[in-house]
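Chains as they are written, first to last, in our numbering: chain A, 28 to 300; chain B, 28 to 300; chain C, 28 to 300.
Source of the hints: derived by calculation from the structure; they are not laboratory data.
The structure presented is a predicted model; accordingly, all values stated were derived computationally and were not measured.
A portion of the hints provided could be inaccurate.
One copy or two, it doesn't matter: identical chains are merged, so the pair holds either way.
[Unchecked claim] Okay, derived cross-link-like pairs now, PhoX-like style, lysine-lysine, Cα gap no bigger than 20 Å in a straight line:
no.	residue 1	residue 2
1	K178	K217
2	K73	K98
3	K217	K38
4	K106	K188
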Amino acid sequence: MLGNCFTNVRKSSPLVHNITNYVTVNDVANAILATGASPIMSDEPKDVEDITSICGALNINIGTLNERSIKAMHIAAKKASSLGHVLVLDPVGAGASALRTDTAAALLDEVPFTLVRGNASELKALSMGSHTTKGVDADEADAVSEENLDKMVSFVKEFAKAAGCVVAMTGAIDLVADERTCYVIRNGRKEMSRITGTGCQLSGISAAFEAANPGNALEAAAAAVCTMGLAGEIAFSRMQPGDGNSTYRNRIIDAIYNMDAKTLDEGAKYEIR
Amino acid sequence: MLGNCFTNVRKSSPLVHNITNYVTVNDVANAILATGASPIMSDEPKDVEDITSICGALNINIGTLNERSIKAMHIAAKKASSLGHVLVLDPVGAGASALRTDTAAALLDEVPFTLVRGNASELKALSMGSHTTKGVDADEADAVSEENLDKMVSFVKEFAKAAGCVVAMTGAIDLVADERTCYVIRNGRKEMSRITGTGCQLSGISAAFEAANPGNALEAAAAAVCTMGLAGEIAFSRMQPGDGNSTYRNRIIDAIYNMDAKTLDEGAKYEIR
Amino acid sequence: MLGNCFTNVRKSSPLVHNITNYVTVNDVANAILATGASPIMSDEPKDVEDITSICGALNINIGTLNERSIKAMHIAAKKASSLGHVLVLDPVGAGASALRTDTAAALLDEVPFTLVRGNASELKALSMGSHTTKGVDADEADAVSEENLDKMVSFVKEFAKAAGCVVAMTGAIDLVADERTCYVIRNGRKEMSRITGTGCQLSGISAAFEAANPGNALEAAAAAVCTMGLAGEIAFSRMQPGDGNSTYRNRIIDAIYNMDAKTLDEGAKYEIR
């Protein structure tokens, strides 16, 4: 049950090392804290080996990457991998620039990740080397819909097989898959896309879910995705007239903070394909 | 009409590349999303040409600049200029350090900007090479008042003429001018100065307004300034006992999110000189 | 009286130069603004001498340090020291990595600080060269409790004597001491530890309190610690069902914004040992 995965985060309170962009880093930290886990951030090559060694998971997010942080990503990834830690990759903007596509691809080549979480455009860019991403948001032409669902489920499973890890492709419909099984998740609200960083937050909390649920990577990722989407629904139900995307941002993190296993199990909307 | 400029942002949803400081970057992103546009951040020299190419506007904010980001500013500015994109400069702290004054001046020399937005002290420093700025806030001695209004309108028009672009000098009274025409805007509240980054947010959304209103740079800038000020007024009217600058920050972005052309046209308080 | 120290911040509105981590920097800026002081951030070696020269205090926080920012910390510290400015050190994650422990130790060796503020694990690491910190949070084994209070008061006084400055060790019980006198402070709530950056905010506002209260470093630090803890209590009393750590974060800064001398004097809970 997904609720179990959530309870394990609360119980084990894993420490997550994040190398992540400076746009949404504060929300990533508070979202991780809201799950009951703890975040630590470090992107200096001389600092990351020590920091990642005391953690249980490494979350690499390539938004606002730079030469120094890319170096730190590789050093930290190798160290975390050698220690058997959870590794999560968020390929922000893959497809939007050669540097981003290449950095994400190089990391995937170098170490075995536990989970890759991105939007449809980013994952397609990584899969096909294409460059059609509209910045850090998914191109509408790439979006998962009821019409192309079968095709997209197959794509995500194939990506997972090729990458040798769980893949979460998030958007209006979220697909979380390994090579055999795909969770098709219909939680969340479209208004979440008008907040910066809900994807980054999801990657951060996913790392906590993975660390707290060893040997159960697929279900842990599905639980993280449902938690984020359900938090978006709960938060939206609390919106008052005059509230907008900034208040919505706060209420989503609040809803993660107040989440529990029962609420998650009752509110998770998914089918397995 | 200013409301029209706002509607154009909502309709065209421009993508804005921001090279901006890490203090207020999250609020800049959420403010841009609140207008209906989309932000992307990148400050790595090897990344910015690709990123700026897929955007319609480049917003350069020199707060927390460093050697790497300065290099990225120049590369991105040249690329954006060669593509005919909108360019906005926010000279945060010009006058407070030689590096900031020189960086802003060098960028202004190098490429034609669409809009420069700063406070009175920053613009005076750029104009005169003086170093009297009180950090990132305007020096009181520099502020626009009813007493010195004529003189300041002339100063802003002259600055606009010399820089060959629209200039927005914001403070208690906002002046938005090209070499011939000046909007004197009396929206906003003094409490906005107790929030970090309302100026940075304004520069970010101004880039979206400019991108969505080609050939109409002056009115677009005035619309952005009125939107921010009016959002500050609407947000303040929603404040409850015990609320302070952090909640006020959220409510201002919320108010941009809920803005529409009619509200803006009815609430904009300006005269043209 | 502590309330007096607070009033002095409101009256003198000091400008605080912060070299601080990008995780919590926005909250640090808004917390400083909430006290009535003003923040400026700069971490470029070529920028920091000019910036720190126009300020009254320098707050160095080593979270997300990198080679460039470390260089900037040393340059800024020497300049601020030569000008007789207040210097505050927040050794975030000291003990968690060699780079962080060494950087904090080197800064302490190099210039006389006014105040060092950290959690028990960080201060123990600095004192003993140990590496037992659980990331950026205090290890439970290190926490101040009623049982080990006498021992911890002695430890903090000895640290203060060795460092030649005021030391604030914050946690469930806060200890603020010079070599002779220790404030034992029981303000605050445990839920504050589920927000990222309350410690960073405290270091930032402490720099403002120190700058506004020259020659009164111990009382100024105690006033800052009580202000933060009391703001945490006031903010918690305003929490509604469904609110969580993100809203709590906003309400704490709001409570600092609405603080006054009388509220602080009535709400401060401390004894002197």
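Can you name, in rising order, the numbers of the hints this structure does not satisfy? Of the numbered hints given earlier, those the structure breaks are 1, 4, listed in rising order.
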